[in-house]
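Trainee: Listed in order, the protein sequences are those of chains A and B.
Add 238 to a position in the first sequence, counting from 1, and you land on the number used in my numbering.
Add 18 to a position in the second sequence, counting from 1, and you land on the number used in my numbering.
No lab work stands behind these hints: they were computed from the structure.
Only a predicted model underlies this, so the values are computations on that prediction, with no experimental measurement involved.
Beta carbons: idealized from backbone N, C-alpha and C, even for Gly.
Take the hints with a grain of salt, since some may be wrong.
[To be verified] Just a few of them, taken from the derived set where beta-carbon distance is under 7 Å, the chain B residues facing chain A:
hint, residue
1, V211
2, L215
3, D357
4, I419
5, S420
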Amino acid sequence: MPSTSGPLTPGLASFLKTLKTNPIDTSIDNLISLLKRRQIRHSRSCATATAYLLRSVISASRTNDANKLIERVQYVGRRLMAAQPREMVVGNIVRRVLGLIRDEAEDDREGDFNLSEAGSESQPQTPRGLDDPTDALSARHEGSDRGASRNPLPALTAAPISMFSLLSHPEPENSLPGTPVSASPSGRWLGFGHGPSKDIRAEVLDGIGEIIDELGQVDDQIAAYALDHIHSNEIILTHTSSTTVQKFLLKAAAKRKFTVIHAESYPNNHEATHATVSGANPHDDELLSTESFQKPLIALGITVILIPDSAVFALMSRVNKVILGTHSVLANGGLVAAAGTRVIARAAKVHQTPVVVVSGVYKLSPVYPFDFDSLIEYGDASKVISYEDGDLVDQIDVQNPLYDYVPAELIDLYITNLGGHAPSYLYRIVSDHYRKEDISV
Amino acid sequence: MTSSTPTAPSPSPAAAAAPTTTTTTTAAAAAAAPPTTSTPSKPSKQQQSQKPKPASKSKDAAAGGSGASPATADGATAQLTPAELKKRAKAEKAARRARERAERDSGAAPGPAGGASATGSASTKKDGGSAAGSTGGGGSRGLPRRGSAQNTSQNGGSGSVSGGAGGAAAGMDKSAGGAEAKNKKTDDKNVAVFGHLYGQQRRTTIAGAGKEVHPAVLALGLQMRDYVVCGSSARCVATLLVFKRVIDAYTTPMGTSLPRHLTTHLSHQITYLSTCRPLSISQGNAIRALKLAISSIDPSTPEAEAKAFLGEFIDSFIREKITVADQVIAGSAAQKIQDGDVIVTFAGSSIVKQTLLLAHKQGKKFRVSIIDSRPLFEGKSLARTLANAGLDVQYSLIHGISHAIKAASKVFLGAHAMTSNGRLYSRVGTALVAMSAKERAGGVEVPVIVCCETVKFTDRVALDSIVVNEIADADELISAEPMQQLTDLPDPAAATVSPADAKKGAKSAAAAAAAAANAAAESNTVAQNVSSPLTGWKESANLQLLNIMYDVTPAEYVDMVVTEMGSLPPSAVPIVHRMSTNL
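Here chain A stands alone, though its shape is the one from the complex (with noise of 0.2 Å):
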């Protein structure tokens, strides 16, 4: 991961770097009061440092129960979310976390029933067989398998264990089926205290490993779908400096010719948009070391064009797509982005060009919007008017919005790491990444 040389200024990078040394309460208070200062706040970000968080929370404690597990990823969870309840990815992340513990007790408690009871009935089995057929099982033991592999990988405090699991995991599976001992369905959790709950605990973290590779890999797979969606001199209108829309382009400019017409979405992300288009080093840290070398479009012969986001309108007529990158995106197909990305929706719609959003499944969320007033988040207001202007500013009553709601009717097209989708199947993919139980945590 990266590693800055030099004094950290409180972000991602520095918070990943003391996660390994310090006390896992100590990190927690300390994620919880970046998230407050918004020092971590791009999606992505968040989302890691989330998953990372919770991977050392689970490696740290000393329980093998699955629902203290549950217990405590849902208190450290809940603390999380509340600091910041509008970066919904933490909480997506802590949600298919939850779901990864459950899943694999739900494993456990199967493969005990399968091994113990030799299959002999399987009510206990048919109300979760109905919702998750094998498939599922069989990922898991894929996954599981691949985990296993890698385990030595994450080489910090999960090594010990892994290796444990290497070993123990054969082993029941092996000797149980000679042994009747465990035959009484109470003594099953007695019996298996030790065995499956190490395991229970390995295999999550190697799913919250997996989880972490997702948001490392998310652009890229997106952008293995670039050449779908773009054709040659195609002109698609972008807006703010999203990493995700960029991968998309470039991975489409280096095979066609196409014109990129970029709102520079002003007072809040102009800077790193100009550098984006620019090629100039962003100087936000955040960003992930890797980002800032990637190439601009213009680098691969691309025509990019950037006009000031009142200029939309007028060029709307001009584009052929809209391309979008976003905050998050919510179970009714909605999304909450940059602000001003609402009204190049609204104006794509007049114009009744495509607007595709590209958007990681992280980013999904499985909350519903009743208020949306609740889901928009205020800037810095100097940003409008700098101070410079103090008799104005104490006069007049300054807004910067940091973000929209765009409604799901504004948005023909998802694109996330899994494929193209419609806004009115993104409830599918909620209900595949979240369990009902975890929705509200």
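Based on these hints, arrange chain B on the given structure of chain A.
Mentor: This is chain B only, laid out in the frame that chain A set:
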């Protein structure tokens, strides 16, 4: 739109008094204009420091130019097309002429001399070539827009000296670039779709203006270019008032008559103005009316009488079409405002300002939400005026439209023009505001009311914002933010350098040039430290910046156009236009 000039039609109760007051104020402004556009402080010293410099600079540049041909390529002399050679020769000639003029004017009044020295540096910039001229121009052009205070300071000694020196230094650096590269680059920097709108660059100085052009017109041109006089009505009024002075100063040459010759004389002024900034629709309409009035004069009328007639005509045109029209519009638009309303407006329209102030004066309780946009921030002055008047003002930028519109109960917009197909042609971003008002999700549509004098109606039609538009200098988009001026402390340092530099200039021109170049280099590095990543955008291939001025709002977003002839639907625009032009 905005009128940052004092020409803003003052809502004085006596309509007849209004034109006279505006006359005096603009006269004052125009009189004050030459000093602000040229250098006000210690003119004589500066002259001396500047006078040798243009010479040395142009020599340098010439040397650079001649040195460039071997430098560009081994066969570069052959590569220069005849057109290029001609252009260079012309530029050199202009430089020489400017220098001569500077020498000639050195004993004369400080104002013209300052101007001349400016022209000197400008012409050297021109033949210094390539990006040098444009960056230097950008430097000196970027700031004045922001306010008169910076205007004077920028155009004060330090500004002009460092600007000129910057031009020289850059000229030395980049002269090797050659002219072809420049052409190719500018082509590359033009957005293809808007190719038809990139005419010649906006005039940056008064150099090369015809001798027929009246000094007041020269000043107005620069004011319009720098958005000091900005907004359709303000430009129209200012143009008419300046033309009144032109007509006052005009004497019919021998062998021709006033109605025949004055029109051509005016068209020189008009050409000059349009090179500073393309004329607005209202200006065009006013000029058309004026020309009609001129041609209607009987050639046998004595000159004094004819001039008096024209002066009277201009005064009554301003009074009828703008001053009184604005009062009528403000009156009827203010009636639309009710207690508890939340009025959303975009940028800074003078007529909307008048309306809101009037409604406030009538004791209505309402809130105003101003949406503003880069790069002109016209709404800021509107916000200030309204807040000073005691209104409840909320201010956000274009990214906050959907938040501002949520609470809105009415949208008031100003206009640059109304086209014959009922569309509103106004400051870029207006269409977004109107669209948001009409397409509020799940809510009632917000009425969109346009306040527009009939002088802004045109018989042109527009379907999109691309065919008809105005392209402003893209460098305006990268101009430093206001915040950076706090950190831009080295400017005074440059100012302290410049007197020293001036002293040296008395000693030896070469030393002065070197010092100036150093100062320029310093200020350049400082500028780069604080400036945005876009500073070098002209050098990076494939990157284009687009700064359009207007957009076209579809007629269906406009519910009502309030004019001095009544409140109309947008479809009535062509009828009203016909009526008002046939009168």
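Trainee: Does the CB of L215 (chain B) sit less than 7 Å away from some CB of chain A?
Mentor: violated, 12 Å
Trainee: Given S420 (chain B) as an interface hint, is the shortest Cβ-Cβ distance to chain A below 7 Å?
Mentor: At 4 Å from the nearest chain A Cβ, S420 (chain B) passes the 7 Å test, so the hint holds.
Trainee: Against chain A, with CB atoms and a cut of 7 Å, does the hint on D357 (chain B) hold up?
Mentor: Status violated, d = 19 Å.
Trainee: Taking the least C-beta to C-beta distance, is V211 (chain B) closer than 7 Å to chain A?
Mentor: Since chain A brings a Cβ to about 6 Å from V211 (chain B), closer than 7 Å, the hint holds.
Trainee: Would you settle whether the hint for I419 (chain B) is holds or violated, based on the nearest Cβ-Cβ distance to chain A being less than 7 Å?
Mentor: At about 5 Å, which falls below the 7 Å cut-off, the nearest Cβ of chain A leaves the hint on I419 (chain B) intact, so it holds.
Of the numbered hints listed earlier, those contradicted by the structure are 2 and 3.
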